[in-house]
Amino acid sequence: GAGVSQSPRYKVAKRGQDVALRCDPISGHVSLFWYQQALGQGPEFLTYFQNEAQLDKSGLPSDRFFAERPEGSVSTLKIQRTQQEDSAVYLCASSLSGTSWGRARKFFGPGTRLTVL
Amino acid sequence: KQEVTQIPAALSVPEGENLVLNCSFTDSAIYNLQWFRQDPGKGLTSLLLIQSSQREQTSGRLNASLDKSSGRSTLYIAASQPGDSATYLCAVLMDSNYQLIWGAGTKLIIKP
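For the record, the sequence lines run as chains D and E.
For the first sequence, our numbering gives the first residue as 23, with consecutive numbering after it.
For the second sequence, our numbering gives the first residue as 215, with consecutive numbering after it.
Only chain E is shown next, with the shape it has when bound in the complex (with noise of 0.2 Å):
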C-alpha cells in the first residue's frame, strides 16, 4: 500500500530565505507527482505537476523534482515571501488506478 510521507509537519522561517519541503513515497509505481497548496477556506490549488517520467518542474520561483527510484520528491521555494505561508500537501497518481494518495502537508510560515 503506498504511503506519502512530508517532512517537517511544521516549518516557520523569515522572510527571503530558501526553503525546501520533502515528500517521500513507499511505491514507486507512480503516473505522476503533484504539490499543491492549501490555504484555509480556500481549498487546494495545484503549483506542479511531474509526470514519473520527468525530473523537475518548475514555475516562477517553485522548482519540484522527482526522484522515482529512490520515492522522494522536493519542493524547492526562492526567495520566500509572506504570502507564500500556507500548507504545501504533495500527493501520488498510481499507475493502477486515479486515487490521489496524499502526504499530511508541510504548514509553512514566512515571518516578516
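Isolated chain D, as found in the complex (with noise of 0.2 Å):
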C-alpha cells in the first residue's frame, strides 16, 4: 500500500482481555516502530524492529506487552489482561533506513485508539 495501515482502528477491551493490534508498514521498510500515546500526551517509544529482528524492547511497560515481526514485514502488538491504563493511541511507524539506529524519516499509520473498560 501508499502508507502505514494499522487495524483495527478502534478497540474496546473489558478489563483482563487479550487484545492484538496489527501493524502493515510500507513495503520495503527495513525499520518498525511502536509507540503508545495516552491523551493529550506526546507518543513514548515502546519497541523497534530491524527487519524480524526485535532490537529494543525497552519501552514496553510491563510483562503483558509482546511485539513480533516474524518474517519482517506485519507487525502485531499484544497486550494481555488488559487494564485500564493500557487505554491509549497505538502509533506504528515504519522507516526505510537499513541502520540499526533507525534514523531515516518515519511514516506514521493512523493508530488504533484502544480504550479498556
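Note that these hints are calculated values from the structure, not bench results.
Where is the CB? At the ideal position from N, CA and C, for every residue including glycine.
Errors might be hidden in some of the hints.
[As the list claims (entries may be wrong)] No farther apart than 25 Å at their CA atoms in a straight line, the calculated lysine to any residue pairs in the SDA-like style are these:
1) E:Lys321 / D:Ala60
2) E:Lys256 / D:Gly38
3) E:Lys282 / D:Gln63
4) E:Lys256 / D:Ala42
5) D:Lys79 / E:Asp241
6) D:Lys33 / E:Lys256
7) E:Lys215 / D:Gly50
8) E:Lys256 / D:Gly50
9) D:Lys33 / E:Pro254
10) E:Lys256 / D:Asp85
11) E:Lys256 / D:Glu66
12) E:Lys215 / D:Pro83
13) E:Lys215 / D:Glu66
14) E:Lys256 / D:His51
15) E:Lys321 / D:His51
16) D:Lys79 / E:Tyr245
17) E:Lys215 / D:Ala110
18) D:Lys36 / E:Pro254
19) E:Lys256 / D:Ala75
20) D:Lys36 / D:Gln76
21) E:Lys215 / D:Leu82
22) E:Lys256 / D:Leu61
[Said to hold, decoys possible] Covered stretches of chain E, going by a simulated chain D footprint (3 or more residues, C-beta under 8 Å):
23) 271 to 284
24) 314 to 321
Dock chain to chain to rebuild the complex, using the hints, since each chain is given by itself in its own frame.
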C-alpha cells in the first residue's frame, strides 16, 4: 500500500481481555517502531524492529506487552490481561533505513485507539 | 534525560494570521528535530525535518528553525487557514539512539 496501515482502528476491551493490534508497514521498509500515546501527551516509544529482529523492547511497560514481526513485514502488538491504564492510541511507524539506528524519516500509521473498560 | 516542551499547549487565532509555535529541549546532543501534524483519526504526518547541522527548513507556508545550542525550535505558519487546525508536535532524535523524544503538542485552532 501507499502508507502504513493499522487495524483495528478502534478497539474496546473489557479489563482482563487480551488484544492484538496489527501494523502493515510500507513495503520494503526495514525499521518498524511501536509507540503508545496517552490522551493529551506525545507518543512514548515501546519497541523497535529491524526486519524480523526486535532490537529494543525497553519501552514496553510490562511483561503483559509483547510484539512480534516474524517475517520482517507485518507486526503485531499483543497486550495480555488489559488494564485501564493501557487505554491509549497505539501508533506504528516504519522507515526505509537499513541501519540499526533507524535514523531515516519515519512514516506513521493512523493508530489504533484502545479503550479498556 | 532529554525533555521536550511545547508552549503553548493550545492556541486559537483568526484566519490569515501568521503564528509561531515553540519547542524546547534540554539536551542539545540531538541528531535531528522533526515537526509533525496530528489530525484526529488520521495519525501523524511529518511536516519538516531539520538535521542538527541545519538552521531552518521551509515547506510552503511553513518554516521551521533550529537553534541547537539554546535548545529551541520554532514552527512558523504564514497566512493561517482553517485547514491548518490540528495538533502540532515536535520530536527530537538523539545522537545516541534511534528513539524519538516527543513534546506533548500544541493544539491549534484557526477560526474562519
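Tell me the hint numbers this structure goes against, listed in increasing order.
2, 7, 10, 15, 19, 20 and 23
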